[in-house]
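Taken in sequence, the protein lines are chains A and B.
Position one of the first sequence corresponds to residue 1 (this note's numbering), numbered consecutively onward.
Position one of the second sequence corresponds to residue 1001 (this note's numbering), numbered consecutively onward.
Treat the hints with care, since some could be wrong.
If you only want the chain B side, here are some residues facing chain A, beta carbon under 7 angstroms, derived [what the hints assert, rightly or not]:
#1 1053
#2 1057
#3 1071
#4 1092
#5 1094
#6 1096
The set of hints was computed from the structure by calculation and includes no laboratory data.
Please read all numbers here as calculations on a predicted model, not as lab measurements.
Each residue gets a CB set at the ideal place from its N, CA and C atoms; glycine is no exception.
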Amino acid sequence: MSTAANNPVEGSLTLVVERVFPHPPEKLWRALTESPLVAQWMMNNDFEAVPGHKFQFRADPMPNWNGIVDCEVLVVDPQKRLSYNWGVGNAESGMQWVVALTLTPADGGTRLRMEQSGFSPDQKGAHQGASYGWKRFFGGLEKLMGEME
Amino acid sequence: MVLSVKPANAHFVFRALADPTRRAIFEQLSRQGEQTVHALTRHAGVSQPAVSKHLTVLKRARLVQHRREGRETHYRAQPDALTPMVDWLRDYGAFWRDRFDRLETLLERMKP
């Protein structure tokens, strides 16, 4: 559960996956934004690197999932940051996330950081909001689960 | 494809726990065992009606159970209800790591 963390979107639940690729940012950016290349590592798609563009990722349907991810491009900052909405399931019981991919120069290549976040607090002004983040929640439960075993 | 989503269950658990006060109440119950609404209110720092409202949302997500004893209602946590959320984090974590593996392979094949 080390991948659960607090994130720039205050109080939202965030999954973080990071890796340094031994390639320049220009090349990584192409793989993240050219639809045929994206299809080779992500899923089939009609992605375009244009803010506001609505697109889908499509995979084979499986139990509990029709294989479709509904997306909308939010941020296109060439070779630095790409972000899109990520929606699965229907309106009542589906889930809406934001995926943000950030590129930064790293020793011997480029660091790619993927943050998938959602479920920010639905009430503003709750005082504990800032201090009682998801990270602390999971930290507390992890300890608890450890004690139970 | 390692990705498996169980939207129906996970959705309610995520939404119930999106609120920091509800997270705090749930963790309090997980740590301290069964508690009355009064005891929870003292700890939560919000009014009793607010705590009751939060408990209703937690109950709907099956994160807590209650029993009545005299005038008091006692609540206790159902940690098993967290499973869809823990599964989600595990599955999506595995999904992205798998995609990053494939991205690495693609980058090696691409011309510089």
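**Prompt:** Broken hints, numbered, in rising order?
**Reply:** Failing hints, ascending: 1, 2, 3, 5.
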